[in-house]
Structures are given as C-alpha cells and as structure tokens.
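J.: Listed below, chain by chain, are the residues.
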Amino acid sequence: MSDTDLEIIVDDPTAPSADSPTVTSNRTADVVVSLLLLALAVTLGYDNWRTGIAWDETGPQPGYFPFYLSVILGAASVYGLGAALLSRKEALEGFVTRAQLRRVMAVFVPTFLFCLATQFLGLYVASFLLIGGFMRLVGKIALWKSLLTAFLFTAIMFVTFDVVFDVIMPKGPLEAAFGY
Amino acid sequence: MEAFGLLLHGFAVLLTWKTLALMMVGLVLGIFVGVLPGLGGPNGVAILLPLTFTMDPTSAIVMLSCIYWGALFGGAITSILFNIPGEAWSVATTFDGYPMAQQGRAAEALTAAFTSSFIGSLVAVLLITFLAPLISSFALKFGPPEFFAVYLLTFCSFVGLGREAKHKTVISMSLGLLLAGIGMDTVSGQLRMTFGSGELLRGINFLVAVIGLFGISEILLTMEERLALRGHAAAISLRVVLSVWKELPRYWVTLLRSSVIGCWLGITPGGAIAASFMGYNLAKRFAKEPESFGKGRIEGVFAPETAAHASGTSALLPMLALGIPGSGTAAILLGGLMVWGLNPGPLLFVEHKDFVWGLIASMYLGNVVGLVLVLSTVPIFASILRVPFAAVAPMIVVSCAIGAYAIQNAMFDIWLMLLFGVVGYVFKKIGIPLAPLTLALVLGSRAEDAFRLSMIGAGGDIKVFWSNYLVGSITTLAIVLLFWPLIDKAFARLRELGRPAKRAG
Amino acid sequence: MRKIVQVAALLAAMLTATPGHAGWEPTKPVEIVVAAGAGGASDQMARMMQAAIQKNNLMKQPMVVSLKGGASGAEALMYMKASEGDPNKILIAYSLIYMLPLSAKIPFDWHDLTPVAVIALDQFALWDNVQGPKTVKEFIDAAKEATFPFKMGGTGSKREDHVLTVFVEQKTGAKFSYLPYKSGGEAATQLVGGHIESNVNNPSENLEVWRAGQVRPLCVFDKERISYTAKVTATQSWHDIPTCKEEGLDVQYLMLRAIFLPGKVTPEQKAFYVDLFSKVVQTPEYKDYMEKQALKPIFLTGKDMLQFLEDDDALNKSLMTQAGFVAK
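Residue numbers (this note's numbering), protein chains in the order written: chain A, 1 to 180; chain B, 181 to 685; chain C, 686 to 1013.
Simulated from the structure, these hints should not be mistaken for laboratory data.
We treat Cβ as the ideally placed atom computed from N, Cα and C, and that holds for glycine.
Misleading hints may appear alongside valid ones.
Facing chain A, from chain B, some residues (calculated, C-beta under 10 Å) [unchecked claim]:
(1) HIS347
(2) CYS580
(3) ALA581
(4) MET591
(5) PHE631
For reference, chain A alone in the conformation it holds in the complex (with noise of 0.2 Å):
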C-alpha cells in the first residue's frame, strides 16, 4: 500500500446559475398541492361511502375506515390550504427557479419517454435509448461513448436478470426477434 494522493475535481458547466428567475412560488404550489389532496380525498371519501360507512355487529365495514381517513386528508388539506394563503415567509420563497425547471425537466422528461418507450419497445431497447441519448443530448458526452455504455449497461442488465436470475422484463419486438 502506498500514499497515493488523487485529486478528484468534477464540474458542472450546466450547473443553474443562482440569479435565474422564479417559476412558481411555495404558496403556489402548496395551494395547488392542496386542492389536488382535497379533489383526492373527495374522490375516495365518496367511493368509501358507497361501499359502506357503517359499524355493524362485527366491527367495521370495509369502507369505513377509508372514509374517516380521507375525512381527516381533506381536512388536514383545507388546514394546509388556509395556512398557504395566510403565511407571509412561504410566499417570498420560491418553489423553483427557472433554471432548475430546465433542469428537473431534463431528466423528467426523458424519463417519462422511457416509461413509454418500455410499453411498446421493451424494457431493455428503451434503457438502450434513454442512456445514450441522455448521455449524448444532456450530457454532450462523445456518441460513441454514450452508445457504448448503453449498449454495456443494457447488456448487463439484460444478462442479469432474465438469464442469470429469471427474473422477466417486459419485451418489445426486438427481442422477439431474437426469440425471447
């Protein structure tokens, strides 16, 4: 064993800049957060009464604790949306600035895109895609590299779980071809 001292310096050209503008503010979101929960809650309260509320003989009927809970989530909404519209702090503060949207974007985006992907194509053609073109359209990472480790990612993958641990990923026409 020797003293070997490696310095590890990683940048972040892409990094978003401080002074980028706010999208939203926290009151926003927590008002809209709010008001989904109580559309939620509203929801399943009413389906729970339709299967049933009551307390006959044996306990409870399978609706009724569902329904007191969603009770106490809409509740606890209105409470949250009350609070939202009266604090003074929250509202300066911002939820996400511009730059981070992009961001937060760039990665949700391409993944929403491989969940579709994965419905028709199959799980390992869709992580095929999603690594190299991620890697080479956010990252601007050289195209071959961004293909080779897609293609070594995926082929690992593919190798572990369906060969080496049967356990079955979901599969699109190219791998039909091949006959799996």
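Take the given structure of chain A and dock chains B and C to it, following the hints.
T.: This is chains B and C only, laid out in the frame that chain A set:
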C-alpha cells in the same frame, strides 16, 4: 447461552461459498450506490431488491443487508472526501471529517469513520443477539389487539414527535393509509377504491411507491443542485490504520456513549439522523475543549458515525420482532420480507430461526468483510464520482424501473413509480415529510386488519385494547405520544407558573 | 387398464430422459402464475414443480414462478384472462376460481380458461389448541356453552375456511366468530398463542405446530381418512386423524388444485402441458411433496376433469349461496 448456540447455527447457515460470494457482491454494489450522488442506503436497497426475488430468503437478506452496510460505508467516503453527505445522518460526519481531509488527514478520517461504524454496528448486533431469544419467548403473547396497539404506537409517535408542521405529517400519513387500503379488503373480502380498474385490484405496492418516492424524486432533486465537486481521495495505508486503532482506547467513553444513544434511538423510532447529531453534540459538550470541534477533530468523526450505525443496525430489531421499521431501510427490508413470504413479527423468531439467525450472523460477517474491503479500496470507489452524472442518472432511472416492474411484473407499476417520483419531488420541496407516508403504506392494511380482527373477536367492544396489562400499557403510551406536544406545553406552562412562586418564596 | 398403459408409457418416456414431443413446445420461459402470496401452499407447489421439471429434464425451457396474489388472488385470475392465446403461462388454480367471482364480483369465469389437469386435492381439518377439548363432541359442546362465541381462525374472508366454518355452525348449531387472517401460517400461530380457540387449516399449514405438540387435529373434513400412515408426530400419523363424519360432524369439503392455460390456446399446446403434468405427477419430488403436505392424490384430464370441475363448481356455488356470501 441459548443465543450463542443459535448464533453459531446462523454462522453455519452462512458459511457456504455461495453466501459469501453474495456478501461480497452485495458489499461492492452497496458501496457503489453509497458513493453515487443521488442514491444512498434506502434507495440503493430499494433499487437492488429485485435481484433477490428469486433467491431463498436467507441469501436474499444476507445480500440486502450487505448492500446496506456497503451503502453506509460508501456514504462516509463522500462525506469526508467531498463534503457531500450521502444521507442525512452523514451530515454530522462532515463537520470534522471534511476539515480533516482538507488538512491532508483524509486517510485517518476515513479509517476513523469505518472503524467507528464497525464498532457502532457491533454493539447493536450484540444487543440484538441477546434480545432476540427473549423476543421469541414473548412472541406468542401477541394477538390482534396487541398488534394493533403496537402499530398505533408507531403512528402516534410519528405524529406526536415529528418536527414538521403537524398538518403536513397528518396529510402524509392519511394519504399513505388511504393508498394502503386500495384493493381487496381481507376482512370482508370486498373490493374498495379500485373504481373498477384491473390494475388497482392488486393495490399499491409499497416498494413501487418507495422506489418512486426516493429513487426517482431524488434524481430530480439532485439535478436542481450544482453538481460540481472537488476533493482528495487518499489510499489508506496500513500504518495509518494501525495508528488510528492504537488511539481507539482513548476514546472509549465517546464510543460507548454514542453506541448507547444509537441503540436507544434505533429501537425507539428516533432514527439514525437524531442519533448522529446527538452523538456529535454530546461528544462536543463533554469534551475538554469543545471549540476545537468542527476543525478536524477525530472524535468528531467517531461520535456521529458510531451513533448512526448503532441506530441503523438496532432499527432492525423492532422490524424483525414487531414488524415495525425503525428506519427507511428497515422499512424496505420489511417490504422485502413480505415479498419473500415471511411475516415479520415476533413469530418470525419461532418459525424462521434460520432466517433470523442467518441475518444476525451476516451482520457480524458483513461488517468485518466490509471494513476490510473499504479500507483497501477507497481510491477506486472515490473515483466513481468522476463518472458524469449524465451517465449515472439514466442508469439509476433504468434500475428504478426494473425494480418497480419486477415486484409484480406489471407495466402499470412503472407508471406508478413515475407518479410517485413527481409526488416525492413536490412533497420534499414543500416540506411534507415522506417517512409517515411510507410507514403508513407498509403498515396501513396490517393495522386495519389487526383492529378489525380485534373487534370481531371482542364482539365490537373497544375496551379490548385495555383488556390486559400488555395491550393496555401500549395503547395508553400511544395516546400519550399522540398528544405529546400538548402535554409538553402544559408541563412547560406549569413550570413557568411554578418559577415566580419559587422566586417569591 | 388404459390408465396403467398410459402410466407405463410415461415411465418409459421418463427413463429415456429425452422429452420427445412431436408437436408444439414452448419457445419462451414458462410462467407459473400463483394466485397467492409468497410462501403459501400454491407458491410451494409451484416451486416444487419447477424443481421437479428442471431436475427430471421434462422441458427445455425454464420455468419461472410469478406471484400474483394481489386482491386475494383475483390479480392472477384477471391476468390469466387477459393473456388469452398465450401458451407460455399456466395457472395453479384452487377453489378461488369458483368463489372469488361470487363473493367479490370479479368479472371472471373459469370456462374462459383452458383446463389442463387436476393434480391434487387439499384436505381441511378442524384443529384446536392442545389445552382445549380433546374430541369433536367435547369441542362442539364447549363452543355451545361458551358465553363469548369461540373464535375460529382461517385464511381470508368468504373463502374455503369461512364457508367451512359456516357449514360447521349449520350442522351443529354452535356459534363461532370467524377471524380472517392473511395466511394459514398466521392462523396456526394465533391458535398456538391461544388468541383463537380453533382453526380449519389445511394439514400442511398446521404441520409444524402439530409436530411441536402445540395443536391437536380433531377431525378431517373428508369421506375417508388421509391415506398416509407414516408417523408425523411422535405418536400419530395423518391416517390416525378421524374423519369428521366418524365423530358425528357430517361436513365434507376438499379443495382442488388444478392447472389451467389461458383461453384460446391450440389443442397441440394443451396436449403438451397435459403430457408434461402427467409426467410431473410421476416424479419422486411430486410424490414426496404430496405426502409431506398430506394432499390427496388425483389426476384428471380431458372430459373427466371438465366433469369434475362442473360438479365442484356447482357444489361451491350452493355452499356460497347457503352461507350468504354471494355479493348482490
């Protein structure tokens, strides 16, 4: 010496080439996910869980717990070398660890971190070893009311003791409980909240939610931040290791104190985060020159690391014994147990001795092997950080999707994972805690079933929760914890009222 | 006679160890769909068959166990229904194929699937704690006299165990509170802990605790005693347990275990699996499993199987209706 015999049996279960190989694989994978930005203990375990689905439970848990140890060790590498705490509980380690690294004492700091993690876990494992046989004799006392009381205790302690705004904890927990209720209700055999959908029939799987809530959302969050980093990776020489170990006895008070704190907070749902800060703060308070903390003191590494690991390890005890996860990772392991067909709870110690003692033995072995492994390979793992995030991020997404799909072989779960990813991202940003949600998801239907079975058994009489000493005291404690903020305030008021009176008198 | 010839032919086929099928063969790994959670009786059976097929080299493609126990097994049924025409999926079915559509209004009918073979029948027994009454008569008397109704544990709601409990109530006039647990294992340990007075578990579910001398089998719900005479506990074998009828409780119930393919598969594809399972039931792994789990051996295919399923379906339907478990 029943524990000792059982432990030996556990080692016998483990000492096969296959299991040892799995341990090594688990440790390497664990360190890998621990070092990678945007991942960490619970996320790593959640993503790698599907690898174990086709294994027998004992091999599976050995591998998973090794992934976990590996992730913990890996987290220490990034905290000390790059000032990036991989986990909330590594934050305290950076206070003194990073300054040490800047002073060129990185090797020393890393050795201290790994050694103290080892010591902390070891103390916790010893505790588990000796408590486990007691649990199995206690196990059969648990009927539905007792189980419900214990679940209630966990829920109440989250609401009562949580630091987040109360209504946010309530939102998170009730949402989790509601989602847990989707699908078929076991007690009545009726479907509910499925809206006629075939996909919702099977309910929302806890692990799918966790992979989304932690894996996907963490990537989104990581992207928001600046990803640049700078640091030194030092190889650790044997000389440094020995010199640190020689110093160890001097710090026995710190180590012992932190271990005790860690074990206590791990078994009660205090968690590793609280443990690491408490360990650090207490070490600082009792030190002769507290102002030297934060400037690169080795004790400042020992104290939080020991406490965090003691707590993380001992959190497995309530998970195995009562089915209550004391930490995020324990919750995921709990989900794993169910996938493998094991019912966590006291009966596990009676029905699946091989499994329990195999796990306990693997904690000993995993820690020893892990210690040796990290000490010898730090530079290799540290250089993982050079891999650009643009390559790492899509790979994590793919791993998450594989994980989510493999649990129930359902495409729908991949979409669900994506949805939970967004939910997790938004919730984290507006301060809705995720821990109560995951806890509720994993315990929700069990708690409801336990309640309703108690009701059926008692003919609908709620007094059953105070029907004997055991269940009565747990239920009462749960209610006290729920109203703890109010009680605490009332006490404070009383004290305030008492003070002027004393002064006058 | 025909059967013997068939068996002999199969044995011969096995000895040569080359699976020689003229017709169709699976080209992808075959998924065994289990309509229950991990570790349950169906899962164990699937894993046994997986091992038996692999060890005896009965099929070229591997078998993969796929657990679809969501919604008490309804997930597996809907999954099979949706896999119409896919010959690489087989379902290990049990009585839930009749019961679940009735109790939970699941849009499923077993006629939509392709029956392959009935491979076993599962027994039910009445068990109580060793500290409880020693015979069926004493047990029923104690249940009638109890101020609080006796607690009877079982798996799931409005399913086999629940139906049996209602049946026992009807025959004896005793009243029970039925506690639906998530699994038979849970019902077993709760019985040991004295949180319930009795359960109606399958033999395999209570095997361990019976061996440990913690529970007592009172009777078996079948016309005849279980055939296995090897000692299971220190003093008793499965055969030593009396039938409930002998003990004056005339209730009989057996649960089928059968293999189904999805609907709309070709006759060649069905023939392959019929052939495969007729070999599986001859393997030592299978026979060993049957004895360990105290399952009743049976092997039906084709018309016999269809007739059996129709009769069994009618029986279950009438039981469910009598018990009031059919959802409106």
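J.: It remains to establish, for every hint, whether it holds in the given structure.
T.: Now the hints, each set against the structure:
This hint holds: HIS347(B) has a C-beta 5 Å from the nearest C-beta of chain A, less than the 10 Å allowed. Of the supplied interface hints, the one on CYS580(B) holds, with its beta-carbon coming within about 9 Å of a beta-carbon of chain A, less than 10 Å. Look at ALA581(B): its Cβ gets to within about 7 Å of chain A, closer than 10 Å, so that hint holds up. Residue-level restraint check for MET591(B) holds (minimum Cβ-Cβ distance to chain A is 6 Å; threshold 10 Å).
The interface hint given for PHE631(B) is met, as the beta carbon of that residue sits about 8 Å from the closest beta carbon of chain A, less than 10 Å.
The structure shown violates none of the earlier numbered hints.
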